[in-house]
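If you read the protein sequences in the order shown, they are chains A and B. So the first sequence is numbered by the numbering used here: it starts at 1 and just counts up by one. So the second sequence is numbered by the numbering used here: it starts at 506 and just counts up by one.
Keep in mind that the hints were calculated from the coordinates and are not lab data. Some hints could be false.
Some chain B residues near chain A, calculated using beta-carbon distances under 10 Å [claimed, not checked]: (1) Leu517; (2) Tyr521; (3) Gln564; (4) Thr588; (5) Lys601.
Pulled from the structure, derived: some chain B residues nowhere near chain A, Cβ distances all over 12 Å [as the list claims (entries may be wrong)]: (6) Met506; (7) Phe510; (8) Val525; (9) Lys527; (10) Gly555; (11) Ile559; (12) Val560; (13) Lys561; (14) Ser563; (15) Val566; (16) Asn567; (17) Asn568; (18) Leu592.
Using N, Cα and C, we set each Cβ at its ideal position, and we do this for glycine too.
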Amino acid sequence: MSTSLILLIIIPLATAFAIPFVDIFSNKARKYLVVFTTFLELFILVTIIFNNYSSILNGTLFLKYYMGNWIPPIGITLVMDMLSIFFSTMITFAMVFIVIYSIGFIGHHEGKYYVLLFLIWAAMQGIILTGDIFNLDVFLELLLITSAPLVAFKRNREGTEAAIKYMFYGTIGGLFVFIGVVLVYFNLGTLNFAHISQNFNSLSFFIKKMISIFFLLGIFIKLGIFPFHFWLSKAHSACPSSISALLSGVIVKVYIYVFIRLFWNVIGFEVLIENGLDKVILIAALISSIIGHIMALNEDDIKKMLAYSTVANLGMIISVLTLNTKLAIIAALLHVFGHLLMKISLFTTTGYLLQFTPGHKLEDLKGVAYKNKLLFIGFIVAAGGMIGLPPMIGFSSKWYILRAFINQNIHWGSIIIIVGSVIAFVYYIRFIIYGFKKISIGPPEKFRLILSVFYRERVVTDIAIFFAVAIIIAGIFYKIALIPINGAAEMLQNPYIYVETILGG
Amino acid sequence: MINNFVFVALFLLGFYAILVKKNLIKMVIGLNIMEGAIFYWFITLTDRGGLIPIVKSSQVVNNLNDPIPQALILTGIVIGASTSAFLLTLIIELNKFTNSTNPDQLGGMLED
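Model the full assembly from the supplied sequences, consistent with the hints where possible.
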């Protein structure tokens, strides 16, 4: 029993509900509350890491918390194993930077913004920590319904349309997950992950197939993999940049976590193989990868371009996961980490640069590099990482992905990924070249103060530099990131450890 | 057996509304029909024909219905209500900008 697990969920949840009351009295107090909670959450996570330092190094971390002292399989169990702590750490650090970035950025309806931001944080931690399939479903819906208002946050036509689409797709995806939960409960009479995993093979072939298909449909709709990728680019580009960074960098990673947890720990990957679904996922994900790159190449709007790049990278991560070797899982998790760093960096720097431009198009970004050179270096480093240039983390993760494909003799997969990287090179270098173009006839300085009232220039530049340094350091010393990833991959290869540790006492 | 057919029919009816109807509010109704279909299906699947909880501790009961589906569906209803409330809010907001509730103005649901 470790109480800090429940604190990880409760602190952001309680803050979200406390913010409106604090907001009545003073805006300044709300700002202090937000920063204080952010660092409190970070402190608790760091405490967990330090207290279990040796078991993380061995890859044997396993913390449990029984809600209301109900011993599983009856109650809701919160579980933190190697996979959870990897995702939880990433998300907490990312949220710290997003909150710091938001403080100088949002400028209107800030109280509502932070309420939603902290609810999203609680939902993400809940998804990652829970060990109960219905609880997972509830947190997924909470994540959907708290992130959709943020998509419509600009209160213009574009944002509203994107949010309506996002809500329709997300709700239908949630319904499919709910059908999966119903089928699981009706056939097994349990909702606990470990208990389901223990009894799953006693089901008939047809039921197993139906459950896998429904969960797969739900997660693919929510992730935006190939046949369902229509909503993603709009939703991820119509909102303010801090929220784009949150959606495109962090929330999609949570859905990837759900995919891994359900299909490796709960259902078991052998079920997908015996149904022939793994090839379907592989092909859909690779098509999604190449389509995302091509759409990004066609796109003039920088934020839509970044959103399509997310589609492409998600396809890549899912496709490499379905190879189901230890190397493939390591590659996928390393790319999850790298993509999180690079996408947050790209969206935050873009959001800052866009305040100097009249619009989001390629031509509007002419000469934007001279506005803030340090920040633009951050943009270049992150873009280089997305392409996969050597010193950045993108290179090491793509290297691992290619190795995983070649080891399994799926050469066409590796060709698709190389072609995708080449296309990515073209569409990122366009924007960098345009950024350095001198404008001969000096147009008047257009500060668009419609939404982004104040950026604190120092803070934003510091964040950009920090991310640039982090991307390069992570690229050189990626072996450090491999410590938790190795443990997680080891655990995913032997799902019975999870079952035994939870049900054994 | 009949509950499976009813479930499939209702679910497809809701899905048909989402795919075909040219009014966003009717599409939300379709979404609600799909949700209702799942709730109906879950409640009928797990019905054992016994007594419905909550039961007093003094009562001796041989055949008791499973209380967990009730709890799950209650949560599901709350989620569904909040989802459709928020979707309707967004549709009102869109109506302010364009004076129409036609989904085609979103650029089509199946295009980017």
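The hints, checked one at a time:
1. Leu517: violated, 13 Å
2. Tyr521: Violated. Min distance 13 Å.
3. Gln564: violated, 22 Å
4. Thr588: Given a least distance of 5 Å, the restraint on Thr588/B holds.
5. Lys601: Since chain A brings a Cβ to about 9 Å from Lys601/B, closer than 10 Å, the hint holds.
6. Met506: holds, 14 Å
7. Phe510: Answer for Phe510/B: holds, closest chain A Cβ roughly 16 Å.
8. Val525: holds, 14 Å
9. Lys527: Label holds. Min Cβ-Cβ 14 Å, cutoff 12 Å.
10. Gly555: holds, 15 Å
11. Ile559: holds, 17 Å
12. Val560: It holds; Val560/B is separated from chain A by about 18 Å at its closest Cβ, greater than 12 Å.
13. Lys561: holds, 22 Å
14. Ser563: holds, 24 Å
15. Val566: holds, 19 Å
16. Asn567: holds, 19 Å
17. Asn568: holds, 16 Å
18. Leu592: Nearest chain A Cβ is 5 Å from Leu592/B, so the label is violated.
Of the numbered hints listed earlier, those contradicted by the structure are 1, 2, 3, 18.
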